[in-house]
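Asker: Numbering-wise (this note's numbering), the sequence shown opens with residue 69 and increments by one.
It cannot be assumed that every hint is accurate.
[Unchecked claim] Just the calculated beta-carbon pair ranges, DEER-fashion:
1. 194 with 96: 31 to 39 angstroms
2. 114 with 253: 37 to 45 angstroms
3. 253 with 106: 43 to 51 angstroms
4. 248 with 69: 35 to 43 angstroms
5. 111 with 160: 30 to 38 angstroms
6. 250 with 140: 38 to 46 angstroms
7. 101 with 153: 33 to 41 angstroms
8. 152 with 250: 31 to 39 angstroms
[To be verified] Within a straight-line C-alpha distance of at most 27 angstroms, the following computed DSS-like cross-link-like pairs (lysine-lysine) qualify:
9. 184 with 246
10. 197 with 184
11. 197 with 183
Since the hints were derived computationally from the structure, they do not count as laboratory data. By construction, the Cβ of each residue, glycine as well, lies at the ideal position given by its N, Cα and C atoms.
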Amino acid sequence: MVRIHGVSASPFVRKVRLAMIEKNLRYEIVPVMPFAPPPGFEALSPLGKVPVYQDGDFVLPDSSCILAYLEKAHPSPPLYPSDPKSYGKALFFEEYADSRLAEAVAAVFAERIVKKLMKQTPDEARIEKGLTELLPRAFTWLDAHAPAAGDAIVEGRFGVADIAIGTQLANLAHAGEKIDASRFPKLAAYVERVFARPSFAACIDEERRMFSQLVA
Numbered sequence: 069m070v071r072i073h074g075v076s077a078s079p080f081v082r083k084v085r086l087a088m089i090e091k092n093l094r095y096e097i098v099p100v101m102p103f104a105p106p107p108g109f110e111a112l113s114p115l116g117k118v119p120v121y122q123d124g125d126f127v128l129p130d131s132s133c134i135l136a137y138l139e140k141a142h143p144s145p146p147l148y149p150s151d152p153k154s155y156g157k158a159l160f161f162e163e164y165a166d167s168r169l170a171e172a173v174a175a176v177f178a179e180r181i182v183k184k185l186m187k188q189t190p191d192e193a194r195i196e197k198g199l200t201e202l203l204p205r206a207f208t209w210l211d212a213h214a215p216a217a218g219d220a221i222v223e224g225r226f227g228v229a230d231i232a233i234g235t236q237l238a239n240l241a242h243a244g245e246k247i248d249a250s251r252f253p254k255l256a257a258y259v260e261r262v263f264a265r266p267s268f269a270a271c272i273d274e275e276r277r278m279f280s281q282l283v284a
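All chains, please: the whole structure from these sequences, using the hints.
Answerer: The following block contains the structure:
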């Protein structure tokens with residue numbers, strides 16, 4: 069069976085899980101803590117990061133690379149647009165989520181959740197910067213492009229862009245924060261619709277139960 073090395077608390081591991089669920093692919097999780105990987109992990113992941121996809125002798129790190137591979141290996145249902153312009157847009161939404169949005173969410177999630185798990189004191193100044201500067205900056209652009217209806221931000225079809233955005237914002241929810249619907253109404257409504265998908269709902273519910281036990 070395919071193995072995904074990592075932990076569900078990682079938005080990038082969840083990103084791969086969501087894609088595999090959407091494509092009805094089986095997998096198992098091999099727990100790897102990103103801040104304490106096991107000896108020899110760099111042989112699987114030269115950058116030392118999760119997730120890593122392993123199917124027999126085939127090993128592939130990096131969530132974006134894994135999703136691109138899955139689309140070629142298992143094209144149905146498609147998670148990438150067929151139109152070249154829409155394809156390019158989807159890739160940029162993915163990059164935006166993996167970089168600017170991820171940085172903003174991590175300022176809150178890493179301090180409130182990860183540090184608590186590691187018995188460390190959270191940096192309240194970093195949390196405040198995340199909430200008042202980084203997240204609003206990331207949300208402003210996303211709100212301007214969020215769809216008025218449906219759960220797809222590109223071409224009216226749910227795909228990689230929605231997975232990449234939603235997985236980051238799932239961590240924000242786990243950290244006890246919501247998108248301000250009065251300030252970012254389109255984004256808040258769109259994310260609610262994304263979270264209602266069975267793939268997201270299953271992952272988020274599983275993780276909530278896990279966090280309720282670990283961060284009590």
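Asker: For every hint, state whether the structure bears it out.
Answerer: Hints, one by one, checked against the model:
no.	hint	verdict
1	194 with 96: 31 to 39 angstroms	34 angstroms, holds
2	114 with 253: 37 to 45 angstroms	42 angstroms, holds
3	253 with 106: 43 to 51 angstroms	45 angstroms, holds
4	248 with 69: 35 to 43 angstroms	42 angstroms, holds
5	111 with 160: 30 to 38 angstroms	32 angstroms, holds
6	250 with 140: 38 to 46 angstroms	42 angstroms, holds
7	101 with 153: 33 to 41 angstroms	40 angstroms, holds
8	152 with 250: 31 to 39 angstroms	37 angstroms, holds
9	184 with 246	20 angstroms, holds
10	197 with 184	19 angstroms, holds
11	197 with 183	17 angstroms, holds
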